[in-house]
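With the hints as extra help, turn the sequences into a complete structure.
Using numbering that gives the first Met the number 0, read the sequence shown as starting at 0 and increasing by one per residue.
Treat the hints as calculated values from the structure; they're not laboratory data.
Just so you know, even glycine gets a beta-carbon here, dropped at the ideal spot from N, CA and C.
Honestly, I wouldn't trust all of these hints.
Stated by the list, open to error - The list that follows gives simulated cross-link-like pairs (lysine-lysine, DSS-like), each with its CA atoms no further than 27 Å apart:
(1) Lys128 - Lys222
(2) Lys246 - Lys167
(3) Lys167 - Lys130
(4) Lys167 - Lys189
(5) Lys246 - Lys130
(6) Lys185 - Lys223
(7) Lys130 - Lys185
(8) Lys189 - Lys223
(9) Lys171 - Lys204
(10) Lys204 - Lys83
(11) Lys128 - Lys246
(12) Lys128 - Lys185
(13) Lys171 - Lys222
(14) Lys83 - Lys223
Claimed, not checked - Listed next, with one range per pair, are the computed distances between beta-carbon atoms:
(15) Asp105 - Leu48: 39 to 45 Å
(16) Thr69 - Asp187: 26 to 32 Å
(17) Leu96 - Ala129: 21 to 27 Å
(18) Lys130 - Arg77: 31 to 37 Å
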Amino acid sequence: MIQSIKYTVSLAAIACLLVSSLSGWSFFNFGSSQDTKPDTQQEQPKQRLVTLMINPAGDANTSGRSFDETFERALTLRCAQELKTNLEATHNVRVLLTRFPGETVDPLQNASFANRMQVNLYLSLHFYKAKESHHPLFFYYYSSNPTADLPVKRSKELVFYPYNQAYKMYLKESKEYAQELYTFLKQDEKEYHLVCYPPLGIACKPLIGILAPALMCEIGIDKKEDVKQCILALNSALGTLINRIEKNL
Numbered sequence: 000m001i002q003s004i005k006y007t008v009s010l011a012a013i014a015c016l017l018v019s020s021l022s023g024w025s026f027f028n029f030g031s032s033q034d035t036k037p038d039t040q041q042e043q044p045k046q047r048l049v050t051l052m053i054n055p056a057g058d059a060n061t062s063g064r065s066f067d068e069t070f071e072r073a074l075t076l077r078c079a080q081e082l083k084t085n086l087e088a089t090h091n092v093r094v095l096l097t098r099f100p101g102e103t104v105d106p107l108q109n110a111s112f113a114n115r116m117q118v119n120l121y122l123s124l125h126f127y128k129a130k131e132s133h134h135p136l137f138f139y140y141y142s143s144n145p146t147a148d149l150p151v152k153r154s155k156e157l158v159f160y161p162y163n164q165a166y167k168m169y170l171k172e173s174k175e176y177a178q179e180l181y182t183f184l185k186q187d188e189k190e191y192h193l194v195c196y197p198p199l200g201i202a203c204k205p206l207i208g209i210l211a212p213a214l215m216c217e218i219g220i221d222k223k224e225d226v227k228q229c230i231l232a233l234n235s236a237l238g239t240l241i242n243r244i245e246k247n248l
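Here is the structure:
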């Protein structure tokens with residue numbers, strides 16, 4: 000008999016917990032003021048951060064071009080680090096770098112990283128030697144056939160795409176972002192000592208396999224000190240683009 004009563008009480012307790020979890024009613028606060036007052040302090044949705052991934056060209060095994068007793072890999076990393084510091088301090092953005100000093104990376108490894116993080120923009124930075132007073136600047140987006148490439152319709156369903164066709168998912172955005180950066184810098188190219196060329200679609204290895212808007216930026220410089228001017232220009236242009244992306248999140 001006692002054992003039967005225990006089972007009955009246990010079943011009643013379980014029933015109360017189930018009712019509490021399903022309907023919000025609780026046996027322990029029945030009749031309290033919380034039942035009659037609506038919850039006015041609802042949690043506000045968190046504002047999403049724009050995620051920008053920067054790939055400084057080169058790594059521990061690939062030094063790149065030489066500039067005044069230094070190499071491209073050092074200059075691109077310096078540029079990327081300063082852009083990260085400046086942009087995160089002034090915009091609603093999280094900037095990820097694909098490498099740090101001493102690391103060896105592979106383009107497909109970077110693509111996998113970018114895809115896992117679901118970045119809003121991927122930018123690969125490159126410098127080359129150019130003995131000119133104004134620095135030539137190019138923006139590229141990936142395209143295996145610029146005259147025939149068409150964007151593909153994105154789907155929430157599981158769809159298989161070959162890694163060398165991934166760029167088509169965001170081809171439209173890549174073109175638009177490249178054009179926006181070009182247009183911004185073209186207006187102030189004299190201020191930044193640049194000569195800006197219209198964006199081009201090419202089959203560039205650093206952008207292969209990325210499921211996001213992806214661009215490659217290549218700038219011609221003569222001396223390592225020229226990087227300072229490039230940082231100022233890219234910081235301003237990227238800041239404007241980040242603001243646009245944020246509005247569309």
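Tested hints:
1. Lys128 - Lys222: holds, 8 Å
2. Lys246 - Lys167: holds, 23 Å
3. Lys167 - Lys130: violated, 36 Å
4. Lys167 - Lys189: violated, 34 Å
5. Lys246 - Lys130: Outside the cut-off at roughly 40 Å; violated.
6. Lys185 - Lys223: holds, 23 Å
7. Lys130 - Lys185: With a Cα-Cα distance of about 20 Å, the restraint between Lys130 and Lys185 holds, given a limit of 27 Å.
8. Lys189 - Lys223: holds, 19 Å
9. Lys171 - Lys204: holds, 19 Å
10. Lys204 - Lys83: holds, 23 Å
11. Lys128 - Lys246: violated, 37 Å
12. Lys128 - Lys185: Satisfied, since the Cα-Cα distance of roughly 21 Å is no more than 27 Å.
13. Lys171 - Lys222: violated, 35 Å
14. Lys83 - Lys223: Holds - the C-alpha atoms of Lys223 and Lys83 are around 19 Å apart, at most 27 Å.
15. Asp105 - Leu48: 39 to 45 Å: violated, 27 Å
16. Thr69 - Asp187: 26 to 32 Å: holds, 27 Å
17. Leu96 - Ala129: 21 to 27 Å: Once the Cβ atoms are compared, 25 Å apart, the range 21 to 27 Å for Ala129 and Leu96 holds.
18. Lys130 - Arg77: 31 to 37 Å: violated, 21 Å
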